[in-house]
Amino acid sequence: MRTRDLLVFATIGILVGAPAKAEDWKWTPYGLPQSNLKTCTPETRGENDSWWIPYFQNKLKQPKHDLLLIGDSITDLWTYPADHKYPGGLDTWNKRYKDIATNHGVTGDKTQTVLWRLTEGKSLDDYTPKNIVLLIGINNLLQNDTPEDTVAGIKAIVAYLRQRLPDVKILVLGIFPCWEKADNPIRAKIKAVNAEVQKLADYKQIYFADIGDAFLEPDGSITKTVMRDLLHFSPHGYEMWADAMDPLLKAFLAGDGQAAVWKKPAAGN
3 MRTRDLLVFA TIGILVGAPA KAEDWKWTPY GLPQSNLKTC TPETRGENDS WWIPYFQNKL
63 KQPKHDLLLI GDSITDLWTY PADHKYPGGL DTWNKRYKDI ATNHGVTGDK TQTVLWRLTE
123 GKSLDDYTPK NIVLLIGINN LLQNDTPEDT VAGIKAIVAY LRQRLPDVKI LVLGIFPCWE
183 KADNPIRAKI KAVNAEVQKL ADYKQIYFAD IGDAFLEPDG SITKTVMRDL LHFSPHGYEM
243 WADAMDPLLK AFLAGDGQAA VWKKPAAGN
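So the sequence shown is numbered by this note's numbering: it starts at 3 and just counts up by one.
Keep in mind that the hints were calculated from the coordinates and are not lab data.
One thing to keep in mind: the hints can contain errors.
As the list claims (entries may be wrong) - Taking lysine-lysine and the DSBU-like style, the derived pairs with C-alpha atoms no more than 35 Å apart in a straight line are:
#, residue 1, residue 2
1, Lys97, Lys201
2, Lys266, Lys206
3, Lys124, Lys183
4, Lys265, Lys28
5, Lys66, Lys171
6, Lys265, Lys226
7, Lys226, Lys252
8, Lys28, Lys183
9, Lys191, Lys252
10, Lys201, Lys183
Just so we're clear, the structure is a prediction, and the values are computed from it rather than from any experiment.
Please construct the entire structure, taking both the sequences and the accompanying hints into account.
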């Protein structure tokens, strides 16, 4: 691994282990540090590869805009119509983002499968976006990865993007809340992840925003009007997402890290 790559990962907070031999770590050629965490180790979808690989490869045929969205089904479903079996946010996407953004969301993805897409999946070959919005991690938590391991996976993605695209700006969105009740155990895990990931932000190259409260009722609950299955947005929910995100995007794309829209932690926190 190059010295510069080591510094990038160390800055993000990824612990780099030294393998006995460089060839022992398959991902060294991609600049990834050795890790024994599955959330930080690129992998495919296994038995689902027969549809997953062609699905995301088809996404690589899209126009390559300066703004790239990377994520799972919540990002993916921006481009699904309202009358689809899985209703999505296509109407809002076409109005607000179609001409400025490329969507690399893939249903079911976790941090490790995003890492595979970025490396062996070659999703950045011949593509140099200037700005990236990253939303990932809910599937890790829902499939029993710990908040700590999920944070490590998100950090690994951010670090890889920084060493692959040194000039890119990255907006990491906090994982959105899910399930109906505010006291659902997953909510606490989401908050724990978001609190740690926020620490990555310098509001110069890495930005962070947690807009999850925009989707909650006053008592903290979620309705199916916003999230049709209490996890994925309804078409109306996608419009709410756009309304919450657009002021952030404006500041992010302008490189304005001092804008009032950024809710930064208090000094010393």
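Going down the list of hints, with the structure as the test:
{"no.": "1", "hint": "Lys97 <-> Lys201", "verdict": "33 Å, holds"}
{"no.": "2", "hint": "Lys266 <-> Lys206", "verdict": "13 Å, holds"}
{"no.": "3", "hint": "Lys124 <-> Lys183", "verdict": "39 Å, violated"}
{"no.": "4", "hint": "Lys265 <-> Lys28", "verdict": "39 Å, violated"}
{"no.": "5", "hint": "Lys66 <-> Lys171", "verdict": "16 Å, holds"}
{"no.": "6", "hint": "Lys265 <-> Lys226", "verdict": "27 Å, holds"}
{"no.": "7", "hint": "Lys226 <-> Lys252", "verdict": "29 Å, holds"}
{"no.": "8", "hint": "Lys28 <-> Lys183", "verdict": "42 Å, violated"}
{"no.": "9", "hint": "Lys191 <-> Lys252", "verdict": "29 Å, holds"}
{"no.": "10", "hint": "Lys201 <-> Lys183", "verdict": "27 Å, holds"}
Violation of the numbered hints given earlier is confined to hints 3, 4, 8; the remaining hints are satisfied by the structure.
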